[in-house]
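Position one of the sequence shown corresponds to residue 16 (the numbering used here), numbered consecutively onward.
By construction, these hints were calculated from the structure, which means they are not laboratory data. Treat the hints with care, as some may be off.
Here are the in silico distance ranges between beta carbons for each label pair [said to hold, decoys possible]: (1) L54 / I34: 25 to 35 angstroms; (2) D89 / I34: 17 to 27 angstroms; (3) E45 / A90: 21 to 31 angstroms.
With a Cα cut of at most 30 angstroms, we get these calculated DSSO-like pairs of lysine-lysine [said to hold, decoys possible]: (4) K46 / K67; (5) K22 / K52; (6) K85 / K52; (7) K22 / K67; (8) K85 / K46; (9) K85 / K53; (10) K52 / K67; (11) K67 / K85; (12) K67 / K53; (13) K22 / K53; (14) K22 / K85; (15) K52 / K21; (16) K21 / K85; (17) K46 / K22; (18) K53 / K21; (19) K21 / K46.
All figures in this text were calculated on a predicted structure; none of them were measured in a lab. Quick reminder that beta carbons are idealized off the backbone N, C-alpha and C, glycines included.
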Amino acid sequence: MNITQKKTTFGLIIGTRNIFNTQLAAIEREKLLNPLKKLGFDYVIPSACATKAGAIETRADAGICAELFKANRDAIYGIIVVLPNFGDELGIFQTLETANLDVPVLVQACNDEADKVDVKR
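Sequences and hints are given; from them, build the entire structure.
Have a look at this one:
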């Protein structure tokens with residue numbers, strides 16, 4: 016008997032804020048995607064070119080991500096939100112509200128080095 020098991024799929028939101036270095040969002044995005052792949056999880060995330068660094072900040076970004084999540088509603092088990100640079104909570108909230116998936120949400124903030132907290136780092 017061949018039984019195939021469905022992979023767990025997460026919706027991923029990388030938050031960013033326009034006054035901070037967007038490269039931080041791009042770096043944290045890759046730091047998240049690689050381990051998920053290695054652990055055998057699937058994920059749904061806007062492409063890196065769909066928004067600035069593939070991150071969510073604006074209402075337009077929220078709409079792009081929410082539509083992607085809605086299109087994959089049946090696959091998404093939960094949402095992981097990563098905030099590498101004080102991400103804009105309104106864009107993230109709008110994504111979650113518009114997608115209306117009714118799944119668990121994990122919010123993860125990245126470590127800061129106190130001497131490197133400025134708009135560039």
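Consistency of the hints with the structure:
1. Between L54 and I34 the beta carbon distance is about 34 angstroms. The supplied range of 25 to 35 angstroms therefore holds.
2. Take D89 and I34: their Cβ atoms lie about 37 angstroms apart, and the range 17 to 27 angstroms is violated.
3. Taking 21 to 31 angstroms as the suggested C-beta distance range, the pair E45 and A90 conforms, at roughly 22 angstroms.
4. Between the alpha carbons of K46 and K67 the distance comes to roughly 17 angstroms, so the proposed pair stays at or under 30 angstroms and holds.
5. For the suggested pair K22 and K52, the alpha carbons sit about 11 angstroms apart, so the restraint of at most 30 angstroms is met.
6. For the given pair, K85 sits about 22 angstroms from K52 by alpha-carbon distance, which is consistent with the 30 angstroms threshold.
7. Only pairs whose Cα atoms come within 30 angstroms are accepted, and K22 paired with K67 is accepted, the gap being roughly 29 angstroms.
8. For the given pair, K85 sits about 25 angstroms from K46 by alpha-carbon distance, which is consistent with the 30 angstroms threshold.
9. About 25 angstroms separates the Cα atoms of K85 and K53, which keeps this hinted pair within 30 angstroms; it holds.
10. For the proposed pair K52 and K67, the alpha carbon gap of about 23 angstroms is at most 30 angstroms, so the pair holds.
11. Proximity of K67 to K85 is assessed by CA-CA distance (about 21 angstroms); at most 30 angstroms being required, the pair is judged to hold.
12. Among the hinted pairs, K67 with K53 is consistent with the structure: their alpha-carbon atoms are about 26 angstroms apart, no more than 30 angstroms.
13. A hinted pair counts as satisfied when its Cα atoms are at most 30 angstroms apart, and K22 with K53 qualifies at roughly 13 angstroms.
14. Taken as a hint, the K22 and K85 pair is honoured in the structure, with Cα atoms around 18 angstroms apart against an allowance of 30 angstroms.
15. Distance hint between K52 and K21 is fulfilled; the C-alpha atoms sit about 15 angstroms from each other, no more than 30 angstroms.
16. This hinted pair checks out: K21 and K85 have alpha carbons roughly 19 angstroms apart, not beyond 30 angstroms.
17. Pair hint K46 plus K22 holds up; C-alpha atoms about 20 angstroms apart against a cutoff of 30 angstroms.
18. For the proposed pair K53 and K21, the alpha carbon gap of about 16 angstroms is at most 30 angstroms, so the pair holds.
19. Taken as a hint, the K21 and K46 pair is honoured in the structure, with Cα atoms around 24 angstroms apart against an allowance of 30 angstroms.
Consistency with the previously given hints fails for number 2 only.
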